[in-house]
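Participant: Residue numbers (my numbering), protein chains in the order written: chain A, 113 to 294; chain B, 3 to 238.
Don't read these hints as lab results, they were simulated from the structure.
Note that this is a predicted model, so its numbers are computed, not measured.
Quick reminder that beta carbons are idealized off the backbone N, C-alpha and C, glycines included.
Some hints could be false.
Part of the chain B face toward chain A, derived, beta carbon under 7 Å [what the hints assert, rightly or not]:
hint, residue
1, Cys67
2, Leu71
3, Ala176
4, Leu178
5, Thr207
6, Arg208
7, Ser211
8, Pro228
Calculated from the model, a selection of chain B residues having no Cβ within reach of chain A, i.e. all distances over 12 Å [unchecked claim]:
hint, residue
9, Arg36
10, Pro45
11, Ile90
12, Asp214
13, Met229
14, Leu232
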Amino acid sequence: MSVPDGLLVLLQDEPKHGYQLATEFAERTAGRWNLNTGQVYTTLDRLARDGFVEADGTDPADARRRLYRLSDEGRARSRRWLSEAPEAPAARDELVLRVLLVAAVDPHTARLVVDAQRRQLVARLQLMRREQRTAGADLLHRLASDAGVTRVEADLRWLDLCEERLPTDPTSRTRPIIQEDL
Amino acid sequence: MSAPVLQLDQVVAERPAGRGPVRVVDGLSLTVDRGELVALMGPSGSGKTSVIHLACGLLVPSSGCVSLLGAPRPPGDQAGWAAARRRIVGVVHQRLDLLPGLSVLDNVALPLLLDRVPVRRSLAAAREALDRVGLAELVSVSPAELSGGEQQQVAIARATAGDRKLLLADEPTAALDTRTAEHVVELLARLAADGAAVLMATHDTRLASWADRVVYLRDGREADDPMPELIPGSLR
């Protein structure tokens with residue numbers, strides 16, 4: 113779960129309160145990840161219980177806002193989180209699922225699924241590139257949208273490999289499951 | 003609304019093959035407007051190159067009509083097409099084909115000089131075209147000194163020099179590595195955004211995604227949605 117780890121990163125330099133953390137979280141993820149203040153305080157309470165943050169009084173400007181600062185354990189946990197790769201999600205990927213379920217019994221039809229998926233992804237990529245062209249030069253937005261683009265490109269690359277590996281001869285299929293009306 | 007720069011209307015075309023002519027384009031209709039990059043996607047043999055050839059008169063349709071700037075081109079009008087290739091339509095091929103004995107500037111100016119445009123005007127137009135593709139400083143070098151990507155940029159400048167309206171590109175990145183290919187297609191997209199009409203044949207989905215529109219070809223026709231209907235009870 114990355115929200116607690118994300119909050120620890122935001123607490124590196126100085127004590128902050130929940131509302132401030134919620135705002136910064138959205139800003140520093142280019143608006144792609146919004147947390148509500150209640151969720152932030154719940155998470156901070158848990159982090160305090162486990163010793164990763166400590167209560168640090170209240171905001172001088174507003175006594176209702178409780179401040180939290182990072183503990184040494186919290187700082188060590190942040191460092192680990194930033195340097196360790198996230199768990200690999202590939203095994204249950206939706207796109208992979210759609211192709212595999214058909215390829216298992218009908219490779220020929222699986223090629224058509226690959227073809228259809230590819231068109232959808234090309235259309236998505238067209239849209240993303242158009243957005244990139246019209247968007248400003250803001251670094252965070254650019255990095256976040258590059259992430260989206262390269263992931264779709266990787267999916268397209270995988271579909272290319274599927275097409276190379278799936279047999280082309282329709283007579284070779286063991287059990288036709290889908291009517292061909294091309 | 004002005005006429006499309008390129009229009010194919012129900013075009014059928016054949017090419018000679020071992021056992022008689024083979025139908026390579028089979029009733030295709032297609033338009034490319036000003037300011038638009040259109041990608042022709044399809045496996046090899048789907049008719050992409052034939053469509054490019056039809057659009058510049060290198061292949062004559064056996065029926066249907068090809069129009070440039072709203073004017074139908076009479077089939078078999080070779081002289082008319084040759085003039086169109088010098089003035090209206092530019093072509094970029096997949097292989098790098100600049101003349102090594104000429105400077106970059108002269109390569110780009112050559113089609114205009116062959117069209118008897120005065121030297122001074124030809125060179126000015128060539129400079130302008132090289133400027134558009136970002137190679138203004140390389141005018142005097144020999145193509146042999148350029149990278150593959152730069153050579154293809156020069157070829158694009160040559161195909162757009164003068165007042166040409168339509169740029170045809172047949173797998174323009176086939177000889178390039180992925181990163182350079184992306185750069186070249188980005189350039190095509192920018193030229194389109196600046197008002198050119200561009201038709202690009204490619205089999206690479208990642209490059210096609212730079213286009214404003216993607217036309218999928220199969221067996222010389224626009225390919226419909228590839229996903230077949232499922233029969234009830236057939237998926238177990």
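Participant: Grab the minimum C-beta distance from B:Leu71 to chain A and call the hint holds if it beats 7 Å, violated otherwise.
Facilitator: 27 Å, violated
Participant: Would the stated hint for B:Pro228 survive a check requiring a Cβ distance to chain A of less than 7 Å?
Facilitator: At about 4 Å, which falls below the 7 Å cut-off, the nearest Cβ of chain A leaves the hint on B:Pro228 intact, so it holds.
Participant: Using Cβ atoms only, decide whether B:Ser211 comes closer than 7 Å to chain A, and label the hint accordingly.
Facilitator: It holds, given that the least Cβ distance between B:Ser211 and chain A is near 4 Å, below 7 Å.
Participant: Are all beta-carbon distances from B:Pro45 to chain A longer than 12 Å?
Facilitator: 9 Å, violated
Participant: Classify the hint on B:Arg208 as holds or violated, based on whether any CB of chain A lies nearer than 7 Å to its CB.
Facilitator: 5 Å, holds
Participant: Checking hints one by one. Is B:Ala176 an interface residue toward chain A, by the C-beta closer than 7 Å rule?
Facilitator: Nearest chain A Cβ about 15 Å off; hint violated.
Participant: May I ask you to check that B:Arg36 keeps its beta-carbon over 12 Å from the closest beta-carbon of chain A?
Facilitator: 18 Å, holds
Participant: Grab the minimum C-beta distance from B:Leu178 to chain A and call the hint holds if it beats 7 Å, violated otherwise.
Facilitator: 17 Å, violated
Participant: If I take the minimum Cβ distance from B:Leu232 to any residue of chain A, is it greater than 12 Å?
Facilitator: 6 Å, violated
Participant: Since B:Ile90 was said not to touch the interface, does its Cβ keep a gap of more than 12 Å from each Cβ of chain A?
Facilitator: 27 Å, holds
Participant: Against chain A, run the beta carbon of B:Thr207 and see if the smallest gap drops under 7 Å.
Facilitator: Because about 5 Å separates B:Thr207 from the closest Cβ in chain A, which is inside the 7 Å limit, the hint holds.
Participant: Holds or violated: is the Cβ of B:Met229 farther than 12 Å from all Cβ atoms of chain A?
Facilitator: 4 Å, violated
When the structure is compared with the earlier hints, violations turn up for hints 1, 2, 3, 4, 10, 12, 13, 14 and for no others.
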